[in-house]
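Number of protein chains: 2
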Amino acid sequence: MRNYAKGYRAEREIVHELSRRGFMVIRAPHSGSIGLASPDVIAAKDGKLIVLECKSREEAFTVPPEQLEELKNWQEVAPAHAYIAWKLNRRGWTFLRLDDVAANAGHVGKKFAEEKGITIEDI
Amino acid sequence: MRNYAKGYRAEREIVHELSRRGFMVIRAPHSGSIGLASPDVIAAKDGKLIVLECKSREEAFTVPPEQLEELKNWQEVAPAHAYIAWKLNRRGWTFLRLDDVAANAGHVGKKFAEEKGITIEDI
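Taken in sequence, the protein lines are chains A and B. Straight run, no breaks: the first sequence in the working numbering ends on number 123. Straight run, no breaks: the second sequence in the working numbering ends on number 123.
Excised from the complex, chain A in its bound form (with noise of 0.2 Å):
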C-alpha cells in the first residue's frame, strides 16, 4: 500500500475510534493550501482539546521541526494535548507526548516508544 493511502487509512481509523469513544472529531486538511500548518486529528470531550499528528510507517522517524512547533502551539494557546500517535502493524496505536518527543529532537523509534507510550484510554 502507499504511504499516502496507508497514512489516510490510519487517520480515519483514529477519528472514527475516537467519536466511538464519544469526541467530537475533526480530521485537518493536509494541504497547507491557506498557508497555515495543523495537526492531522483535533477532538474534544468534556472541556478536554486533543490534537495529533498520526504516522503509520513502520519504522523509526522523525518528526519535522515545524509540526513540533505546530503542536507546541496548540499545546500552550489552545490549551490542547497534543500527541504524535504511531500506528505499528503488530501493536497497533500508541500514543507519544509532545513533551516527550520534542526532548527527544523530535525522534520515535520502537524503544521509545515502549518506554514512553501510553494508550489511547489515557490520553
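Rather than coming from a laboratory, the hints here were simulated on the basis of the structure. Treat each hint with caution, since some may be false.
A pair holds if it fits inside one copy or across any two, identical chains being indistinguishable in the list.
Said to hold, decoys possible - In the DSBU-like style, the derived pairs of lysine-lysine whose C-alpha atoms are separated by at most 30 Å in a straight line are:
1. Lys-111 - Lys-55
2. Lys-6 - Lys-45
3. Lys-116 - Lys-45
4. Lys-87 - Lys-6
Fit chain B to the supplied structure of chain A, relying on the hints for placement.
Below, chain B without anything else, positioned relative to chain A:
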C-alpha cells in the same frame, strides 16, 4: 464569482482574522469523505473553543437541520461556542449564536442578523 470560490475565500478570510487575533485555527475539510459532518472552522484560545459554519450569500438562507445538529453536538460535547458566521458584502461579518438560529428554525435574514448578530470581538 462562483459560490464555491466565494465561500472558500470567505472562510479563508475568517481563518486569517481569527489567527491574527491569536487563535489556533483549522479549516475543516468540506467533503464528507469519511462520513462525518463537521463545522467549517474550529478555533481555540485560552480554553475557549469556537466552531463556525460560514455563509457568504447575500440573500436570506436556512441552515440545514443536520448542520444545526452537528454544531449542537460540538456545543454540548466539546463544549464549544457555536456560531453561524455570515458575511454580507457591505457590512462585513456578523456572528449568530447557534441557539438563536436554532430557535428561528435555521432561518437567517438581514433583520434577524441585525437583531441578533454580534461582532468577532464578542464571540
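Right, here's what the structure says about each hint:
1. Lys-111 - Lys-55: For Lys-111 and Lys-55, only the intra-copy Cα distance (16 Å) is at most 30 Å; the inter-copy one is 49 Å.
2. Lys-6 - Lys-45: Answer is within; shortest intra-copy Cα gap is 27 Å, inter-copy 32 Å.
3. Lys-116 - Lys-45: both (24 Å within a copy, 28 Å between copies)
4. Lys-87 - Lys-6: within (10 Å within a copy, 39 Å between copies)
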